[in-house]
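> Given only the sequences and the hints, what does the whole structure look like? Please build it.
Just so we're aligned, residue -4 is where the sequence shown starts under the working numbering, counting upward by one.
Bear in mind the hints are in silico, worked out from the structure with no lab data behind them.
These figures come from a predicted structure and were not determined experimentally.
Any given hint might turn out to be false.
[To be verified] Label pairs and their calculated CB-CB ranges:
#: 1; residue 1: Q242; residue 2: A53; range: 47 to 57 Å
#: 2; residue 1: R23; residue 2: G54; range: 19 to 29 Å
#: 3; residue 1: E338; residue 2: S129; range: 36 to 46 Å
#: 4; residue 1: K292; residue 2: S98; range: 21 to 31 Å
#: 5; residue 1: E310; residue 2: A248; range: 18 to 28 Å
#: 6; residue 1: H337; residue 2: D239; range: 22 to 32 Å
#: 7; residue 1: R224; residue 2: G101; range: 42 to 52 Å
#: 8; residue 1: Q(-2); residue 2: Q242; range: 17 to 27 Å
#: 9; residue 1: H337; residue 2: S129; range: 36 to 46 Å
#: 10; residue 1: A42; residue 2: R224; range: 43 to 53 Å
#: 11; residue 1: P100; residue 2: V278; range: 24 to 34 Å
#: 12; residue 1: T219; residue 2: N336; range: 38 to 48 Å
#: 13; residue 1: S37; residue 2: V278; range: 37 to 47 Å
Even for Gly, the Cβ is constructed at its ideal location relative to N, Cα and C.
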Amino acid sequence: MVQIEQLAARTPAVSVDEILQGFHPSPRFGEVSFSSYRPDHSQPSQAAAVKALESFGAGVGNGTGGGLFSRIFGKKDTGRAGIYLDGGFGVGKTHLLASLWHSAPGPKAFGTFVEYTNLVGALSFRKTVEALSSYKLVCIDEFELDDPGDTVLMSRLMRELADAGVRLAATSNTLPGSLGEGRFAAVDFQREIQVLADQFEVIRIDGEDYRHRGLPAAPAPLKTEDLKRHMHAEFDGQTVAVDDFRQLVDHLAGVHPSRYRQLIAGIDGVVWRDVETITEQAVALRFVVLADRLYDKDVPILASGVPFDKLFTEEMMGGGYMKKYYRAVSRLTALAREGQNHEPS
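Here you go:
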């Protein structure tokens, strides 16, 4: 027996406290630690990164950080406001960032760059600063440079939090070829966040970049008439959200992305009828956020229509937001493989 829901019928009302409670590592990284990280012995920078983060974490909440203003104009402090993990995909940056979060005292926050920009959109900049200024640690995964406005916004937010004594930690996320070396280079990060960058210790993590091998092949979509049979076979005894793809896409325009985590609360699997290529940039960017939240919760997907490697137009896949779209396609493909072929995502 399958309990059927519809995402397009959900309009979650979320309080500020409920939004902030969602700023923690996803279930994929819910129990990681420094000791569970397995550094590649052929890459000494990985073991060195663990030691650097453990040392940084030991200083969180002990009052040695001070505010940014005092660090610039006051007595010299050996501690820094932030630490930045610089490296390619697949070297364990998110694992290490989540390990830092787990080891540090609270209150603390862990979210992606996009989640923080969405938080500002939901609360306002000033209320976001007020909400996070009492935190001991703020972790920002997948720091992005593809939107100048968002970069300036996050730079300002991080400066104000650092000035309030909040410790900061960030990682990068960029596709191969995007910045020459195939990564979000430290020099670009330092340039874009200007004064605050001097307060970051940059940790380079080398290693094999397994995601640079290209996108995995998307499984062939199911036939629409076969979705119900597959759904009952795959999700017996579970709660499944069944939606017409176009109706779901239209509904997302009326739900703030900061609420997408609550939108899929209690859902064990999703079924999408007649997936089609998204042609509008704003619509595509909203859908990327939904893809991230589904991947965070490891929600398997059954779908008919076009395969996920055709979800966005060729122009989008080669444009300024390409890394967002590649990430979304990769994650949705993994969830579709899990739903259809029982392959771990």
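> May I ask which of the numbered hints given earlier this structure violates, with the numbers listed in increasing order?
As far as the earlier hints go, 11 and 12 are violated by this structure, in ascending order.
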